[in-house]
Amino acid sequence: MAQIKLDQEQVKRVKNYAKDIADSVQKNVIDGNSSVSVERTVLRLYGVDGTDEEGTPYPNLIVDKLKEKDLLSKGVSKFFAASMLASKRDAMDTAELICQGNILFGEINEFSRADIESKEIELSKEALKTLDSSRIHKSKKQEKTPLPEQPFKYMIVATGNIYEDRTQAKAAVSSGADIIAVIRSTAQSLLDYVPYGATTEGFGGTFATQENFKIMRKALDEASKKKGTYVRLVNYASGLCMSEIAACAAIEDLDMLLNDSMYGILFRDINKKRTFVDQHFSRLICSRAKILINTGEDNYLTTSDAIENAYTVTSSQLINEAMGKNSLLTDEQLGLGHAFEIDPKVKNGFLFELAHAQLARQLFPDAPLKYMPPTKYKSCDIFFSQCMDSMFNLASVTTGQGIHLCGILTEAIHTPLMQDRFQSLSNVNYIFDTARDLGDEIEFKEDGVIAKRAQTVLNETEEFLKKVNDIGLMEAISEGYFAGIKRLDTGGKGLDGVFLKDSDYSNPILEMLEKEGTING
Amino acid sequence: MAQIKLDQEQVKRVKNYAKDIADSVQKNVIDGNSSVSVERTVLRLYGVDGTDEEGTPYPNLIVDKLKEKDLLSKGVSKFFAASMLASKRDAMDTAELICQGNILFGEINEFSRADIESKEIELSKEALKTLDSSRIHKSKKQEKTPLPEQPFKYMIVATGNIYEDRTQAKAAVSSGADIIAVIRSTAQSLLDYVPYGATTEGFGGTFATQENFKIMRKALDEASKKKGTYVRLVNYASGLCMSEIAACAAIEDLDMLLNDSMYGILFRDINKKRTFVDQHFSRLICSRAKILINTGEDNYLTTSDAIENAYTVTSSQLINEAMGKNSLLTDEQLGLGHAFEIDPKVKNGFLFELAHAQLARQLFPDAPLKYMPPTKYKSCDIFFSQCMDSMFNLASVTTGQGIHLCGILTEAIHTPLMQDRFQSLSNVNYIFDTARDLGDEIEFKEDGVIAKRAQTVLNETEEFLKKVNDIGLMEAISEGYFAGIKRLDTGGKGLDGVFLKDSDYSNPILEMLEKEGTING
Amino acid sequence: MGNLIKPYGDTIDDGIVQLSFTLPVTNGAKAKKAAEIYANNLKIEDVTIAHAEEIAEGFTYFVIFGKASVSIDYDSVKASEVSTEFYDYYEINSLIKEKINRKVNVVGASIGTDAHTVGIDAIMNMKGYDGDYGLERYPEINATNLGSQVTCEELVESALKNGSDAILVSQTVTQKDAHIRNFTELIELLEAEKIRKQFLVIAGGPRITNDLAIELGYDAGFGAGTVPSQVASYIVTCLVKE
Amino acid sequence: MGNLIKPYGDTIDDGIVQLSFTLPVTNGAKAKKAAEIYANNLKIEDVTIAHAEEIAEGFTYFVIFGKASVSIDYDSVKASEVSTEFYDYYEINSLIKEKINRKVNVVGASIGTDAHTVGIDAIMNMKGYDGDYGLERYPEINATNLGSQVTCEELVESALKNGSDAILVSQTVTQKDAHIRNFTELIELLEAEKIRKQFLVIAGGPRITNDLAIELGYDAGFGAGTVPSQVASYIVTCLVKE
Ligand code: B12
Ligand code: B12
Ligand SMILES: Cc1ncc(COP(=O)(O)O)c(C=O)c1O
Ligand SMILES: Cc1ncc(COP(=O)(O)O)c(C=O)c1O
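Protein chains in written order, with this note's numbering: chain C, 9 to 529; chain Y, 9 to 529; chain U, 536 to 777; chain P, 536 to 777.
Calculated directly from the structure, the hints in this document are not laboratory data.
This one's a predicted model, so the numbers in the text were calculated from it and none came from an experiment.
Hints may be right or wrong, so weigh each one.
Among the chain U residues that face chain P by a calculated CB cut under 10 Å, a handful are [claimed, not checked]:
1. Leu554
2. Pro559
3. Ala564
4. Tyr573
5. Asn576
6. Ile579
7. Ile584
8. Ala614
9. Ser615
10. Thr619
11. Ala657
12. Thr744
13. Gly758
Each computed DSBU-like pair below joins lysine-lysine, with the alpha-carbon atoms no more than 35 Å apart [stated by the list, open to error]:
14. Lys634(P) - Lys565(U)
15. Lys333(C) - Lys384(C)
16. Lys353(Y) - Lys234(C)
All C-beta atoms in this analysis are idealised placements derived from N, C-alpha and C, irrespective of residue type, glycine included.
Extracted from the complex, chain C is given alone in its bound form (with noise of 0.2 Å):
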C-alpha cells in the first residue's frame, strides 16, 4: 500500500496524549460510579429479560425498585443473587416474582454474605460464559462461512418493520453486502429502556431489540451460507442504555455495534458521566464477546467542514482507541470512523479525502476503520449521487479501508429503497474489483499535497489534544472543544441515572471481566 511519511515520534505524541486522556476520565469519573443502565445490565446478563403488561421490562422495574429504597448505590447484584436464593427459582422467574410484589426485593439479610457472594459468582460466571459462547459460537460460524476480502461492504435497512428489514437485508447480501446493519428509530437513543419483542413500527429506522436482533442474525445465517461468507450483523449502542443493548446484543450473536465515547454526549446531549460509565461496562461486554465496536467521528463532519475540522476525527478517533483499550477491546475490535465528506465542489477535494483517508489508516493500521460515504453534500440529483459515491469507493479501496459504508444515491431523499441498495453496491462492486490494488501499485508524492494535507491533520489533531488534556476531557468538553457544541457536566440526560458506587458496591461481571483481560479464541 502506497504510504505517506509520518513522523513516528509524533504519532507516539498523540497516542500518548489520548492515552492520558483517557486515563484521566477512567479514573475520575468512570471507576468509581455506575448507573441505572449498568445495573439493568448486569440484570440482563443474569437472565432477566420480559416486560410487565404494560410493557415495562423487568430490568427497569427491578432497577426502580432498588433505587426508590436508596440501596441501587450498593448494586443490583447482591439484592437479586439474594432475591434468587429466597424464591429457589431461575432468574426469570425471580425477577417476576420480585416485580409482581412476591418477593421482599431489597431486603438481603436474610441469607448469609457468603452466600450471597458466591450466588452472584455463579451467576456472574454463567454470564461470562453467555459472553464466550458468543464470541465461540460466532468464530466457529466464520470457519465454516469465512470472513470477505476487505472493504466490508456495510449496508443499512431502515424501514421500522423488521420483518421487510429481513427481505430488504437478503436483498442486499445477494447483491454482495458483507454487513447489513439495522438502523434504529428516531431518537432510541434518548430511552432509557431497552424495548421488546419484534417490532413492525419505527420511524427512520427499527427498534433495537433483543427480539429483533434474533430475528435478523437467522435471517443473516442463512443469507451467509448461501453466499459463502459470512455475514456480519450490526446495530447501535449508543445512548441512554448502551451496555443493556451490548448484552442483549451478545445474547443474539451480534458481531459489531456501534459505540462512541461522545455521540451521545454531543449530539444526543446525554450526560457525559452518564456517557463514560455505560460505555465502559459496554464496551467490556463486546471485548469478551468479540463483537466489534464502530464510532461515529463522521458526525462531526455533518454539522462542521470537513477539511477544516479533519482534527476532531483524528482527535476523536485517538480517544476511542484509548479509551477503548481501557475497555479490554483489541485493534482489531476498533471500527474508528470517518467520512468522505469535503464539499465536491472544492479543487482537488479527492486528494484531500486521500489524505485523509490515509493518516487513519497509517494511524490505526490493525484497525477496520470504518468509513462512511459523502451524505452531506449529496445531491438530490440521484445520478450525480452515484458518481460522488464512485469516488468515495476508490478512495476506500486504494486506502484499505476495513468496513464500507455503502453510500446511496438517494441520501439527500429518503431512506433506501430495495433498488437504491441495488444500486450502491453495483457501484462498489465495480470500483472495488476495477481498481482492487491500485494502493499497492501508485505511491503518494513525497512533500506532495497528500502528504502535506496528512501532516497539517495530524499537527493539528496533536496541538488540540495537548489542550484536552492540559485541562481534561470533561472540562474540554463543557467549554465546546469538540464539535464547537458545550455540554456540561451536571447537564444533559440520564444524569439522575449515575450514582457513586457505595464501598459494598458489587458488580463481579464487571470485575471479572477486568481481572480476566482480554480473551481470545
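Add chains Y, U and P with the ligands to chain C, keeping to what the hints say.
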C-alpha cells in the same frame, strides 16, 4: 505528471517503423494518384458550391463530365481555369454555366497554357487564402475567448435536425462542454457527394453539410462569448468525401475533424487507395487551416478485446502520426484516439486502463489525445453507467488527456437526450475538479502492474509494426492484420473514383500546400 | 387552449421520460411485459425496457424509457412562491430601523423528535449559509435558536416570553409524514391558545414548499437552498405592511 | 381477481417509482408545480420533486419520486418467449445427426444501413458469445454470415442459393424505428416472392423481443444477451418438428 519508465530507444524504433510504413504508402500509393473527391475538393476551394435542380452538387457534375470525357487524369484544375477564362465570370457562375452546358467543358486549347496556369495559380492562391483566413480567424477568436483547460470536454449532438442540434449544443455548452461534435447521419461515409444545405432529417445523426457547419459554428460563437472560453466545433472527414468535407469545414471555420487513416477502409469497406489518396489531401487542408484531426482507434476496441488488442490501438496511433506528419500536421493537430473499453468485470481493469492511457500520453507528449469513453460494455442500467464514466473521467484527468469525449449514461440505449448530456457533464465536471491534480500527486510504482502492462503493449506494438513494415501496409490490410478484417487492394467502395495522375496532371493547391509546408500563426 | 407542454428528450413534444421501479416478480419475458404494461398504464407509450434485473429473489428492477402521452397546460399551473421583494443584509437592517423602529424578535427551532439542526442553524446562526449572513448577525434582529428536539409547548412559551414577531420551524425528517404531524401540532396549539395571529409562523426544510406551508396554516414556507436574507426579507416586508 | 401487483420501494404495494424528465420551462416554483401535476397526470401520487435544475435556457430537468396509484393483474400478463427446450452444443449436433440427417443451412446478416455486426457475429462467428460457441463452430451447421449493410435482396438471394433452413437478421439501430422498416421490408420481399414459408426467419438485436418479432411476421425474436446455442436449439427444434 506521474510517468512510466519507457525505453526511449524502443520508442524511437516503433516511430521509425511507422515512418517507414507511412513513407512507403506515400510514395507508392498517394503521390501518383488522385480521385474524384480530390478533384471536387479543388473545385470547392476554387469557389464552386451549390447543386442542380435534382440536388446533385455542382462539383460532382463537373468532375463527372470530365470523367466521361476521359480527361480526369489531367486534373480538373486546368479545365476549370480555362472555363473561367472563357466565361469571364466567377467560379459559381462558371460552374453553373458548365453544368447547364453553356460552356464547352474539357476543351482548353482556346487558351494558352501560360494563361491557364496563371489562372490556376490565381485561383489556388485565393484558395490558400481561404484556408489561411480560417486559421487566422480561429486564432483571433481564441485570443478573445481563450481555449479552456485540458482535458477538453467533448460532447456530441445527434438529433438529425440541425436546429434541434443547435438547441442541444447550447445546452451542452451551458453545462460545461468545450467542444461540440455533430454526429453524422448513418453511413454518410458511403455517400460519394456532400449533401447540400441545412438539413432537418437524419438517422442517428445529422448530415455534414457546409450550411449545417455554418449554422452550428455561429451558434457556438455566441455560446463561446457567453461562456468566456472558445467552444470548438467538430465534424467528420471520413468516408468517400474526406477532402471535400475538409474544405467545407475550413471554409466554415471548423476546429476539428474525425479523420483516420484506416477507419473507412476497415469499418466502412472503402477502398484503400481511395482512402489514402483522399486523406492526404484532406490532411494538407487541415494542416493549413489549423484543423485538428481526431483519429478513430477506439473503433478497434468496439469489435475486439481491449486488453488483447491494445497494441492495435498503439500501432494505429503511430501510423496516424507518421502519415499525419507526411501531410504536414503538427503534433498539436494530432488528436490521436484511444478508448476506455476494458470489460468492467476485469479485476484491476482500471489499472490496465491507466497503463494504456499513460502509454499513449507518453508516446505522444505533445498531441491532444482523444480519449473515448466506455461504450461497448456500457450498461443499460443507467445508474451503473454513471460509475463507469466516473472512472473513465478519472483516468482521463489523471493521465492528462487532451480531448475528452464525455461518456453518456444512456450509451447502450439511445442517442443522448438533453438530460443525458447534462448528467454526463455533471459527472465530468465533478471528477475533473475534485481530482484535478491527482496525476501530479501520485507515482506509478516502478515495475508495478501498470508499468508492466504499458511495456507489454509497447512490445506487442513493436513486433506488430515490424511485421507490417516487412510486408507493407497495403498487404498487411489485405491479410487482415488490422481488426481481423481483410480488405483487398481492389475491393471496397470508391476505387472507380481513383485514377493515376497523367504526366501533365495539375493540382496547384496540393502542390502549394506541400511546398509551403506547415504554416502557423 | 393555453400553453400545452410535455417532457422534452431531444425534440419538442417527444414526451420522453425515464422511469425506474421494482416489481415483486421474478425476472423473465413476462416480467418485462408486465413492466411495459405498467408503464402504459402510467400513460407512457413506446416503452423501452432498457434494463431488467432480478435484484432479490422475486423482485425485478427495471430501467425504462418511453413517451408520455399526456400534455398539461402550463398557463393553468398555479404555484405560490413567497411573494416579496428580496433585500440584502444592509437594506433589511435599514428597513427595520426606518420603518419598524424597534428590534425584530425571532425564535426558531426544529420541533418534535427531529434532531436535524443544520437547516435551522443555516438560517439563524451568525455564519449563515452560502455566504449569506444568518439572522443572529443582523444588528436589528434578536434571534433565538432553540435548537432541535424542541416540543411545541417549549417553542410557544419561548415565543411568548421573547415577544417574538416570527416563529421559525424546521423539519427534516419526512418519513411517514412526521413533518406534517409536527407542523400541524404547532398550529393547533397556537390556535387553541388563540395566539395564532400574534406571530408570523414560518416553516422550512428540504421538502417544504410555500404551497405546503400555507396549506398547513403557516404564513410561508421555505425549501432547500434558502438563504437567511430571503427569510429576513419576508419577515420585514410583512411587518412593514402591518 | 388475479394477482394484483404494484412497484415496490421498501414495503409491499407502496407503489414507489422514480422518474426523471425535462420540461421546456424555466425553473422556479411554477416549474416544480408543473412537474408535480405532470406526475399526477401519469397517475403518480405523493410526488416528491427531489431535484429541479435548469439545464439549458428554458429547459428544466427533474428527478422525482412518487407512488404510482395503479395496479396490474400479473396473472393476466401474457408474454411470448421463444418456447423450446434449450440444448447445448453437443446435444444440438447429435439431434441434427439423428433426427435431421443432413447439415442445417443458416444464413445471417445485419440488413439495411445498419453497420453493427457485433451482435450477428456473436451468434454466428466461431468464437461465439459469453463462452457459448457460435454457429460456424457447429460441425452439423453450415453457417454463412454476410456481415452488415446487406440489402434484403442480397440476403434472400443468398438464402435461396445456399438452400438455407433459417435466415437470421440483426438490427441494432432503432432510432426513428429504422429496424421496423428494415424487418418489414424483408418479410414483404419474402412474401412477394412467395417463399416466406420456405425459411425459418429469425430476428435479433438488443431491442428485439419475441413478441415484436412475431408481430412483424418473423418466427422468433431474440434480444440482448442471447447465446448461439439458444438460437441453434430453436432452429433444430423447429426443423425436427416439421
Ligand atoms: C446531517 C444529517 C444528520 C445529522 C444531523 C446533525 C444535525 N445536528 O443536524 C445526524 C447524523 C445526527 C442525522 C441523524 C439522523 N438522520 Co439525518 N441526515 C443528515 C443529512 C446527511 C444532511 C442534512 C443537512 O444537514 N442538510 C444541510 C442543510 C443546510 O439543508 P436543509 O436542512 O435542507 O436546510 C436548508 C433548507 O431546507 C432551509 N431550511 C431548513 N430548515 C428551515 C427552517 C426555516 C424556518 C426556514 C426558513 C428555512 C429552513 O434552509 C436551509 C439552508 O438552505 C441528510 C441527508 C442529506 N444529504 O440531506 C440526512 C437525512 C435528513 N437524515 C435522515 C434520517 C432518517 C436520520 C435519522 C432518523 C436516521 C436514524 N434512524 O438514525 C437520524 C435521526 C435524526 C432525528 N432524530 O431527527 C433522512 C431523512 C429521510 C426523510 N426524508 O425522512 C436523510 C434524508 C438521510 C436519508 N436518506 O436517510 N442526520
Ligand atoms: C460497437 C458500436 C458501434 C460500432 C459497430 C462496430 C461493428 N462492427 O459492429 C461503430 C463504432 C461502427 C458504431 C457506429 C454507429 N453506431 Co453504434 N454502437 C456500438 C455499441 C457501443 C455497442 C454495440 C455492440 O457491439 N453490442 C454488443 C453485442 C454483442 O450486443 P447486441 O448487438 O445486442 O447482440 C446481442 C443480442 O442483441 C443478440 N443479437 C443481435 N443480433 C442478433 C441477430 C439474431 C438473428 C439473433 C438470434 C440474435 C441477435 O445476440 C447478441 C449476443 O447476445 C452501441 C452501444 C451499446 N453499448 O450497446 C452503439 C449503438 C448501438 N450505436 C448507435 C449509433 C446511433 C451508431 C451510429 C449510427 C452513430 C453515427 N451517427 O455515426 C453509427 C453508425 C452505424 C450504422 N450505420 O449502423 C446507437 C443506436 C441508437 C439506437 N437505439 O438507434 C447506440 C445504442 C449508441 C448510442 N447510444 O447512440 N457503433
Ligand atoms: C456512534 C453513533 N451512535 C448512534 C447513532 C444513531 O443512534 P440514535 O439515533 O439512536 O442516536 C449514530 C448515528 O449516526 C452514531 O454515529
Ligand atoms: C474516425 C471516424 N470517422 C468516421 C466515423 C463515423 O462516420 P460514418 O458513420 O459516417 O462512417 C467514426 C465513428 O466512430 C470514426 O471513428
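**Q.** Indices of hints not satisfied (ascending)
**A.** Numbers 10 and 11 - these are the hints that the structure violates, sorted from lowest upward.
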